[in-house]
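Engineer: Sequence:
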Amino acid sequence: MIKIMHICSDTNIGGAGRYLLNLLKNSNKSKYKLYFCLPRGSQLKKILQEANGKVIEVDIVPDKSFNIKDVFKIRKVLKKYKPDIVHTHASFSGRVASKASNIGKIIYTRHYVDVNYNKKGLPILRLKSKVKGIINNLTCDGVIGVVGECVQVLTNMGVDKKKIKIIYNGVNPIPEYSKEQKDEVKKKYNIGPDDKVISIIGRISKEKGHEVFIESIRILSVKRSDIKAIMAGTGIEESSIKYLIKKNKLEDNIAFIGFVDNITDILNITDVQLNTSYTEAQSLALLEGMSAGIPAVASNIGGNPKVIRHGKNGFVVPVEDSRAFVKRTCEILDNSDLYNYMKQNAKKIYNKRFTASRMTRQTENFYDKILKGRV
1 MIKIMHICSD TNIGGAGRYL LNLLKNSNKS KYKLYFCLPR GSQLKKILQE ANGKVIEVDI
61 VPDKSFNIKD VFKIRKVLKK YKPDIVHTHA SFSGRVASKA SNIGKIIYTR HYVDVNYNKK
121 GLPILRLKSK VKGIINNLTC DGVIGVVGEC VQVLTNMGVD KKKIKIIYNG VNPIPEYSKE
181 QKDEVKKKYN IGPDDKVISI IGRISKEKGH EVFIESIRIL SVKRSDIKAI MAGTGIEESS
241 IKYLIKKNKL EDNIAFIGFV DNITDILNIT DVQLNTSYTE AQSLALLEGM SAGIPAVASN
301 IGGNPKVIRH GKNGFVVPVE DSRAFVKRTC EILDNSDLYN YMKQNAKKIY NKRFTASRMT
361 RQTENFYDKI LKGRV
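Residue numbers for the sequence shown, in UniProt numbering: 1 to 375.
Treat the hints as calculated values from the structure; they're not laboratory data.
Among the hints, a few may not be true.
Claimed, not checked - In the PhoX-like style, the derived pairs of lysine-lysine whose C-alpha atoms are separated by at most 20 Å in a straight line are:
1) Lys-206 / Lys-247
2) Lys-369 / Lys-105
3) Lys-372 / Lys-306
4) Lys-105 / Lys-163
5) Lys-306 / Lys-347
6) Lys-372 / Lys-3
7) Lys-105 / Lys-73
8) Lys-64 / Lys-247
9) Lys-132 / Lys-161
10) Lys-3 / Lys-69
11) Lys-82 / Lys-130
12) Lys-82 / Lys-31
13) Lys-82 / Lys-372
14) Lys-33 / Lys-80
15) Lys-64 / Lys-80
16) Lys-64 / Lys-3
17) Lys-165 / Lys-206
18) Lys-82 / Lys-54
19) Lys-163 / Lys-196
20) Lys-161 / Lys-372
21) Lys-249 / Lys-223
22) Lys-162 / Lys-132
23) Lys-33 / Lys-79
24) Lys-45 / Lys-73
25) Lys-182 / Lys-162
26) Lys-79 / Lys-99
27) Lys-223 / Lys-196
28) Lys-25 / Lys-64
29) Lys-33 / Lys-82
30) Lys-165 / Lys-182
31) Lys-80 / Lys-130
32) Lys-31 / Lys-46
33) Lys-105 / Lys-45
34) Lys-327 / Lys-196
35) Lys-196 / Lys-343
36) Lys-312 / Lys-369
37) Lys-25 / Lys-69
38) Lys-162 / Lys-105
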(Lines of atoms letter the chains of each structure in order from A and count residues from 1; the text may use other names and numbers.)
(Lines give C-alpha, C1' and ligand atoms only; values in the text may rest on other atoms or scores of the structure.)
Protein backbone atom coordinates (compact mmCIF):
# COMPACT_ATOMS: atom_id res chain seq x y z
CA MET A 1 0.00 0.00 0.00
CA ILE A 2 1.42 3.36 -1.07
CA LYS A 3 0.86 6.08 1.52
CA ILE A 4 0.11 9.60 0.28
CA MET A 5 0.13 12.49 2.78
CA HIS A 6 -1.74 15.54 1.48
CA ILE A 7 -0.87 18.74 3.36
CA CYS A 8 -3.14 21.75 2.90
CA SER A 9 -3.12 25.02 4.84
CA ASP A 10 -6.63 26.07 3.78
CA THR A 11 -9.40 26.43 6.33
CA ASN A 12 -12.18 27.09 3.81
CA ILE A 13 -13.57 24.77 1.16
CA GLY A 14 -12.12 26.37 -1.93
CA GLY A 15 -10.70 24.93 -5.12
CA ALA A 16 -7.87 23.04 -3.40
CA GLY A 17 -10.27 21.47 -0.91
CA ARG A 18 -12.67 20.26 -3.57
CA TYR A 19 -9.68 19.00 -5.58
CA LEU A 20 -8.66 16.88 -2.58
CA LEU A 21 -12.19 15.57 -2.14
CA ASN A 22 -12.34 14.51 -5.79
CA LEU A 23 -8.99 12.75 -5.51
CA LEU A 24 -10.18 10.91 -2.40
CA LYS A 25 -13.49 9.80 -3.90
CA ASN A 26 -11.86 8.49 -7.08
CA SER A 27 -8.61 7.05 -5.75
CA ASN A 28 -7.55 3.43 -6.21
CA LYS A 29 -8.07 2.40 -2.60
CA SER A 30 -6.53 -1.02 -3.11
CA LYS A 31 -3.21 0.61 -3.98
CA TYR A 32 -3.12 4.02 -2.28
CA LYS A 33 -3.83 5.08 1.30
CA LEU A 34 -4.57 8.82 1.53
CA TYR A 35 -3.98 10.99 4.61
CA PHE A 36 -4.90 14.65 4.98
CA CYS A 37 -2.91 16.97 7.26
CA LEU A 38 -4.97 20.13 7.96
CA PRO A 39 -5.00 23.14 10.30
CA ARG A 40 -7.18 22.52 13.32
CA GLY A 41 -10.73 23.74 12.68
CA SER A 42 -10.52 23.55 8.88
CA GLN A 43 -13.88 23.19 7.14
CA LEU A 44 -12.27 20.52 4.98
CA LYS A 45 -12.22 18.07 7.89
CA LYS A 46 -15.94 17.33 7.75
CA ILE A 47 -16.24 16.72 4.00
CA LEU A 48 -13.10 14.57 3.86
CA GLN A 49 -14.17 12.46 6.83
CA GLU A 50 -17.63 12.00 5.32
CA ALA A 51 -15.84 10.49 2.30
CA ASN A 52 -13.90 8.17 4.69
CA GLY A 53 -10.69 10.18 4.49
CA LYS A 54 -8.10 9.95 7.29
CA VAL A 55 -7.75 13.51 8.64
CA ILE A 56 -4.89 14.62 10.89
CA GLU A 57 -5.45 18.00 12.55
CA VAL A 58 -2.37 19.99 13.50
CA ASP A 59 -2.06 23.29 15.39
CA ILE A 60 -0.50 25.16 12.47
CA VAL A 61 -1.16 28.72 11.33
CA PRO A 62 -4.25 28.56 9.09
CA ASP A 63 -4.27 29.87 5.52
CA LYS A 64 -0.53 30.54 5.57
CA SER A 65 1.93 28.74 3.33
CA PHE A 66 4.98 29.06 5.58
CA ASN A 67 5.68 29.35 9.28
CA ILE A 68 8.88 28.04 10.79
CA LYS A 69 7.11 26.63 13.87
CA ASP A 70 4.71 24.77 11.62
CA VAL A 71 7.62 22.96 9.97
CA PHE A 72 8.46 21.20 13.24
CA LYS A 73 4.80 20.32 13.93
CA ILE A 74 4.31 18.83 10.47
CA ARG A 75 7.63 17.02 10.75
CA LYS A 76 6.28 15.11 13.78
CA VAL A 77 3.29 13.98 11.73
CA LEU A 78 5.50 12.80 8.88
CA LYS A 79 7.74 10.85 11.24
CA LYS A 80 4.69 9.14 12.72
CA TYR A 81 2.98 8.14 9.46
CA LYS A 82 6.06 7.80 7.18
CA PRO A 83 4.32 8.51 3.86
CA ASP A 84 5.83 7.45 0.56
CA ILE A 85 4.72 10.73 -1.04
CA VAL A 86 4.06 14.13 0.51
CA HIS A 87 1.69 16.07 -1.74
CA THR A 88 1.29 19.71 -0.69
CA HIS A 89 -1.31 22.36 -1.53
CA ALA A 90 -0.60 25.95 -0.43
CA SER A 91 1.81 24.60 2.21
CA PHE A 92 5.47 25.40 1.75
CA SER A 93 5.90 24.41 5.41
CA GLY A 94 4.90 20.87 4.42
CA ARG A 95 7.57 20.66 1.74
CA VAL A 96 10.27 21.99 4.04
CA ALA A 97 9.21 19.54 6.76
CA SER A 98 9.36 16.62 4.35
CA LYS A 99 12.75 17.69 3.00
CA ALA A 100 14.16 18.19 6.48
CA SER A 101 12.86 14.78 7.59
CA ASN A 102 14.04 13.01 4.45
CA ILE A 103 10.67 11.29 4.41
CA GLY A 104 8.86 10.64 1.15
CA LYS A 105 9.01 12.07 -2.33
CA ILE A 106 7.66 15.62 -2.49
CA ILE A 107 5.02 16.89 -4.94
CA TYR A 108 3.05 20.09 -4.94
CA THR A 109 0.11 21.21 -7.03
CA ARG A 110 0.04 24.73 -8.42
CA HIS A 111 -3.65 25.64 -8.09
CA TYR A 112 -3.37 29.25 -9.21
CA VAL A 113 -1.83 31.57 -11.80
CA ASP A 114 0.16 34.52 -10.45
CA VAL A 115 -1.43 37.41 -12.31
CA ASN A 116 1.36 39.81 -11.31
CA TYR A 117 4.35 37.81 -12.48
CA ASN A 118 4.67 39.15 -16.02
CA LYS A 119 3.53 42.71 -15.34
CA LYS A 120 6.04 45.37 -16.24
CA GLY A 121 7.23 47.70 -13.53
CA LEU A 122 7.19 45.03 -10.84
CA PRO A 123 10.85 43.93 -10.61
CA ILE A 124 10.55 43.11 -6.90
CA LEU A 125 7.73 40.66 -7.60
CA ARG A 126 9.71 39.08 -10.42
CA LEU A 127 12.79 38.77 -8.19
CA LYS A 128 10.71 37.12 -5.48
CA SER A 129 9.31 34.72 -8.07
CA LYS A 130 12.83 33.77 -9.19
CA VAL A 131 13.81 33.07 -5.59
CA LYS A 132 10.67 30.96 -5.15
CA GLY A 133 11.60 29.04 -8.29
CA ILE A 134 15.01 28.14 -6.88
CA ILE A 135 13.44 27.09 -3.58
CA ASN A 136 10.78 25.04 -5.37
CA ASN A 137 13.47 23.14 -7.27
CA LEU A 138 15.18 22.29 -4.00
CA THR A 139 12.03 21.24 -2.14
CA CYS A 140 10.08 19.13 -4.62
CA ASP A 141 10.53 16.09 -6.82
CA GLY A 142 7.53 16.92 -8.99
CA VAL A 143 5.05 19.71 -9.66
CA ILE A 144 1.50 19.43 -10.98
CA GLY A 145 0.15 22.42 -12.91
CA VAL A 146 -3.61 22.38 -13.41
CA VAL A 147 -3.36 24.36 -16.66
CA GLY A 148 -0.68 25.35 -19.17
CA GLU A 149 -0.46 28.89 -17.81
CA CYS A 150 0.69 27.47 -14.46
CA VAL A 151 3.55 25.69 -16.23
CA GLN A 152 4.55 28.87 -18.03
CA VAL A 153 4.72 30.79 -14.76
CA LEU A 154 6.70 27.99 -13.08
CA THR A 155 9.27 27.70 -15.86
CA ASN A 156 9.64 31.48 -15.99
CA MET A 157 10.39 31.34 -12.28
CA GLY A 158 13.13 28.81 -12.96
CA VAL A 159 11.45 25.54 -11.99
CA ASP A 160 12.92 22.59 -13.89
CA LYS A 161 10.50 21.84 -16.72
CA LYS A 162 11.24 18.12 -16.43
CA LYS A 163 9.62 18.12 -12.99
CA ILE A 164 6.33 19.64 -14.18
CA LYS A 165 3.27 17.70 -15.28
CA ILE A 166 0.06 19.29 -16.59
CA ILE A 167 -2.97 17.53 -15.16
CA TYR A 168 -6.26 19.31 -15.75
CA ASN A 169 -8.65 19.56 -12.84
CA GLY A 170 -11.49 17.09 -12.86
CA VAL A 171 -14.81 16.91 -11.04
CA ASN A 172 -17.53 14.36 -10.41
CA PRO A 173 -20.68 14.91 -12.48
CA ILE A 174 -23.57 16.85 -10.98
CA PRO A 175 -26.71 14.66 -10.60
CA GLU A 176 -29.68 15.95 -12.56
CA TYR A 177 -32.88 16.79 -10.67
CA SER A 178 -36.43 16.24 -11.77
CA LYS A 179 -38.59 19.27 -12.62
CA GLU A 180 -40.34 18.92 -9.26
CA GLN A 181 -37.01 18.96 -7.39
CA LYS A 182 -35.86 22.02 -9.32
CA ASP A 183 -39.10 23.84 -8.51
CA GLU A 184 -38.58 23.08 -4.82
CA VAL A 185 -35.07 24.55 -4.88
CA LYS A 186 -36.31 27.66 -6.69
CA LYS A 187 -39.06 28.07 -4.12
CA LYS A 188 -36.46 27.84 -1.34
CA TYR A 189 -34.62 30.86 -2.79
CA ASN A 190 -37.77 32.81 -3.75
CA ILE A 191 -37.20 32.25 -7.44
CA GLY A 192 -40.16 31.97 -9.79
CA PRO A 193 -40.57 28.81 -11.91
CA ASP A 194 -40.00 30.77 -15.14
CA ASP A 195 -37.19 33.01 -13.89
CA LYS A 196 -33.76 32.77 -15.51
CA VAL A 197 -31.07 31.99 -12.94
CA ILE A 198 -27.52 33.34 -13.23
CA SER A 199 -25.04 31.96 -10.71
CA ILE A 200 -21.50 32.50 -9.53
CA ILE A 201 -19.86 29.98 -7.20
CA GLY A 202 -16.54 30.46 -5.45
CA ARG A 203 -14.47 32.09 -2.77
CA ILE A 204 -15.48 35.68 -2.02
CA SER A 205 -12.17 37.43 -2.59
CA LYS A 206 -10.93 40.33 -4.71
CA GLU A 207 -9.48 38.24 -7.52
CA LYS A 208 -12.87 36.64 -8.20
CA GLY A 209 -14.36 39.93 -9.41
CA HIS A 210 -17.72 39.72 -7.66
CA GLU A 211 -18.27 43.46 -8.13
CA VAL A 212 -18.26 42.80 -11.89
CA PHE A 213 -20.89 40.11 -11.36
CA ILE A 214 -23.06 42.50 -9.33
CA GLU A 215 -22.79 45.22 -11.98
CA SER A 216 -23.69 42.69 -14.67
CA ILE A 217 -26.79 41.63 -12.75
CA ARG A 218 -27.75 45.27 -12.23
CA ILE A 219 -27.67 45.88 -15.99
CA LEU A 220 -29.41 42.59 -16.76
CA SER A 221 -32.19 43.39 -14.29
CA VAL A 222 -32.90 46.64 -16.14
CA LYS A 223 -33.06 44.83 -19.47
CA ARG A 224 -35.11 41.85 -18.29
CA SER A 225 -37.69 41.26 -15.57
CA ASP A 226 -37.04 37.52 -15.29
CA ILE A 227 -33.44 37.61 -13.98
CA LYS A 228 -32.51 36.12 -10.60
CA ALA A 229 -28.94 35.65 -9.44
CA ILE A 230 -27.30 33.41 -6.86
CA MET A 231 -23.93 34.03 -5.24
CA ALA A 232 -22.52 31.05 -3.34
CA GLY A 233 -19.30 31.14 -1.34
CA THR A 234 -17.52 32.62 1.64
CA GLY A 235 -14.42 34.75 2.05
CA ILE A 236 -12.82 37.91 3.34
CA GLU A 237 -14.77 40.19 0.99
CA GLU A 238 -18.24 39.06 2.14
CA SER A 239 -19.17 42.23 4.00
CA SER A 240 -18.13 44.55 1.16
CA ILE A 241 -19.99 42.43 -1.42
CA LYS A 242 -23.15 42.42 0.71
CA TYR A 243 -22.86 46.20 1.04
CA LEU A 244 -22.50 46.53 -2.73
CA ILE A 245 -25.66 44.47 -3.29
CA LYS A 246 -27.55 46.69 -0.85
CA LYS A 247 -26.10 49.90 -2.31
CA ASN A 248 -27.36 48.92 -5.77
CA LYS A 249 -30.76 47.89 -4.33
CA LEU A 250 -30.39 44.37 -5.69
CA GLU A 251 -31.54 42.45 -2.62
CA ASP A 252 -34.56 41.14 -4.57
CA ASN A 253 -32.42 40.20 -7.58
CA ILE A 254 -29.40 38.57 -5.94
CA ALA A 255 -29.57 35.79 -3.35
CA PHE A 256 -26.29 35.78 -1.43
CA ILE A 257 -26.38 32.34 0.18
CA GLY A 258 -22.83 32.05 1.54
CA PHE A 259 -21.28 28.63 2.03
CA VAL A 260 -23.20 25.59 0.79
CA ASP A 261 -22.25 21.97 1.51
CA ASN A 262 -23.68 20.82 -1.78
CA ILE A 263 -23.76 22.98 -4.90
CA THR A 264 -25.92 20.42 -6.72
CA ASP A 265 -29.04 22.41 -5.78
CA ILE A 266 -27.63 25.62 -7.23
CA LEU A 267 -26.37 24.16 -10.48
CA ASN A 268 -29.62 22.30 -11.11
CA ILE A 269 -31.52 25.59 -11.29
CA THR A 270 -28.79 27.61 -13.07
CA ASP A 271 -29.41 28.69 -16.66
CA VAL A 272 -26.09 30.49 -17.22
CA GLN A 273 -22.98 30.47 -15.06
CA LEU A 274 -20.64 33.46 -14.82
CA ASN A 275 -16.96 33.55 -13.95
CA THR A 276 -15.83 37.16 -13.48
CA SER A 277 -12.34 36.43 -12.13
CA TYR A 278 -9.32 38.67 -12.66
CA THR A 279 -7.07 35.63 -12.36
CA GLU A 280 -7.99 31.97 -12.69
CA ALA A 281 -6.10 28.73 -13.14
CA GLN A 282 -8.96 26.32 -13.73
CA SER A 283 -12.36 26.85 -12.15
CA LEU A 284 -13.89 23.75 -10.60
CA ALA A 285 -17.27 25.50 -10.50
CA LEU A 286 -17.19 25.92 -14.29
CA LEU A 287 -16.30 22.25 -14.73
CA GLU A 288 -19.14 21.16 -12.45
CA GLY A 289 -21.49 23.38 -14.40
CA MET A 290 -20.30 21.83 -17.66
CA SER A 291 -21.05 18.34 -16.32
CA ALA A 292 -24.65 19.54 -15.91
CA GLY A 293 -24.69 21.10 -19.38
CA ILE A 294 -24.70 24.73 -18.23
CA PRO A 295 -23.40 27.35 -20.71
CA ALA A 296 -21.06 29.92 -19.19
CA VAL A 297 -19.67 33.39 -19.77
CA ALA A 298 -16.17 33.75 -18.35
CA SER A 299 -13.30 36.22 -18.17
CA ASN A 300 -10.74 35.69 -20.91
CA ILE A 301 -7.99 34.99 -18.41
CA GLY A 302 -5.76 32.11 -17.27
CA GLY A 303 -7.25 28.69 -17.90
CA ASN A 304 -10.79 29.87 -18.64
CA PRO A 305 -10.43 29.74 -22.47
CA LYS A 306 -9.28 26.10 -22.16
CA VAL A 307 -12.53 25.28 -20.37
CA ILE A 308 -15.02 27.60 -22.04
CA ARG A 309 -14.59 27.25 -25.80
CA HIS A 310 -15.78 30.54 -27.25
CA GLY A 311 -19.01 29.96 -29.16
CA LYS A 312 -19.06 26.24 -28.30
CA ASN A 313 -20.10 25.84 -24.67
CA GLY A 314 -20.17 29.52 -23.74
CA PHE A 315 -18.29 32.74 -24.33
CA VAL A 316 -15.12 34.35 -23.00
CA VAL A 317 -15.15 38.13 -22.61
CA PRO A 318 -12.64 40.83 -21.61
CA VAL A 319 -11.80 41.03 -17.92
CA GLU A 320 -13.95 43.51 -15.92
CA ASP A 321 -16.23 44.21 -18.90
CA SER A 322 -19.70 44.02 -17.34
CA ARG A 323 -21.46 45.03 -20.54
CA ALA A 324 -19.75 42.22 -22.43
CA PHE A 325 -20.92 39.76 -19.77
CA VAL A 326 -24.47 41.11 -20.17
CA LYS A 327 -24.40 40.99 -23.97
CA ARG A 328 -23.22 37.38 -24.12
CA THR A 329 -25.56 36.24 -21.33
CA CYS A 330 -28.54 37.71 -23.18
CA GLU A 331 -27.34 36.10 -26.39
CA ILE A 332 -27.46 32.69 -24.73
CA LEU A 333 -30.80 33.24 -23.00
CA ASP A 334 -32.53 34.71 -26.06
CA ASN A 335 -31.58 31.94 -28.50
CA SER A 336 -32.93 28.50 -27.57
CA ASP A 337 -31.07 26.79 -30.43
CA LEU A 338 -27.77 28.29 -29.27
CA TYR A 339 -28.55 27.40 -25.67
CA ASN A 340 -29.18 23.74 -26.51
CA TYR A 341 -26.09 23.62 -28.74
CA MET A 342 -23.92 24.94 -25.90
CA LYS A 343 -25.59 22.63 -23.38
CA GLN A 344 -24.70 19.56 -25.45
CA ASN A 345 -21.14 20.76 -26.07
CA ALA A 346 -20.59 21.48 -22.38
CA LYS A 347 -21.33 17.86 -21.49
CA LYS A 348 -19.22 16.51 -24.36
CA ILE A 349 -16.15 18.60 -23.43
CA TYR A 350 -16.53 17.68 -19.76
CA ASN A 351 -16.75 13.94 -20.47
CA LYS A 352 -13.73 14.07 -22.76
CA ARG A 353 -11.33 16.14 -20.65
CA PHE A 354 -12.50 17.07 -17.17
CA THR A 355 -13.81 14.07 -15.24
CA ALA A 356 -12.52 13.43 -11.72
CA SER A 357 -11.66 9.83 -12.59
CA ARG A 358 -9.42 10.99 -15.46
CA MET A 359 -7.65 13.52 -13.23
CA THR A 360 -7.14 10.93 -10.47
CA ARG A 361 -5.71 8.27 -12.78
CA GLN A 362 -3.26 10.79 -14.26
CA THR A 363 -2.24 11.91 -10.75
CA GLU A 364 -1.69 8.34 -9.59
CA ASN A 365 0.39 7.62 -12.70
CA PHE A 366 2.50 10.66 -11.81
CA TYR A 367 2.94 9.29 -8.27
CA ASP A 368 4.21 6.01 -9.70
CA LYS A 369 6.70 7.77 -11.98
CA ILE A 370 7.97 9.90 -9.10
CA LEU A 371 8.47 6.81 -6.91
CA LYS A 372 10.34 5.05 -9.72
CA GLY A 373 12.55 8.09 -10.30
CA ARG A 374 11.32 8.63 -13.85
CA VAL A 375 10.62 12.34 -13.42
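Engineer: Going straight from one Cα to the other, do Lys-25 and Lys-69 come out at no more than 20 Å?
Structural biologist: With Cα atoms ~32 Å apart, Lys-25 and Lys-69 exceed 20 Å; violated.
Engineer: With the threshold set at 20 Å, check whether the alpha-carbon distance from Lys-105 to Lys-163 stays at or below it.
Structural biologist: holds, 12 Å
Engineer: Given the hint that Lys-79 pairs with Lys-99, does the C-alpha gap stay at or below 20 Å?
Structural biologist: holds, 12 Å
Engineer: Taken at face value, is the distance from the CA of Lys-369 to the CA of Lys-312 at most 20 Å?
Structural biologist: violated, 36 Å
Engineer: Given the hinted pair Lys-3 and Lys-69, is their Cα-Cα distance within 20 Å?
Structural biologist: violated, 25 Å
Engineer: Taking 20 Å as the top limit, are the C-alpha atoms of Lys-249 and Lys-223 close enough?
Structural biologist: holds, 16 Å
Engineer: Just to be careful, I want the Cα atoms of Lys-105 and Lys-73 compared with a cutoff of 20 Å; is the pair within it?
Structural biologist: holds, 19 Å
Engineer: Is Lys-306 close enough to Lys-347, meaning Cα to Cα at most 20 Å?
Structural biologist: holds, 15 Å
Engineer: Within a Cα-Cα threshold of 20 Å, do Lys-165 and Lys-182 meet the stated pairing?
Structural biologist: violated, 40 Å
Engineer: Taking only the CA atoms, is the gap from Lys-82 to Lys-372 under or equal to 20 Å?
Structural biologist: Status holds; Cα separation ~18 Å.
Engineer: Holds or violated: Lys-372 with Lys-3, Cα cutoff 20 Å?
Structural biologist: holds, 15 Å
Engineer: For the pair supplied as a hint, Lys-82 and Lys-130, is the alpha-carbon distance within the 20 Å limit?
Structural biologist: violated, 31 Å
Going down the numbered hints, you'll see the structure goes against 3, 8, 10, 11, 15, 16, 17, 19, 25, 28, 30, 31, 32, 33, 36, 37, while the others check out.
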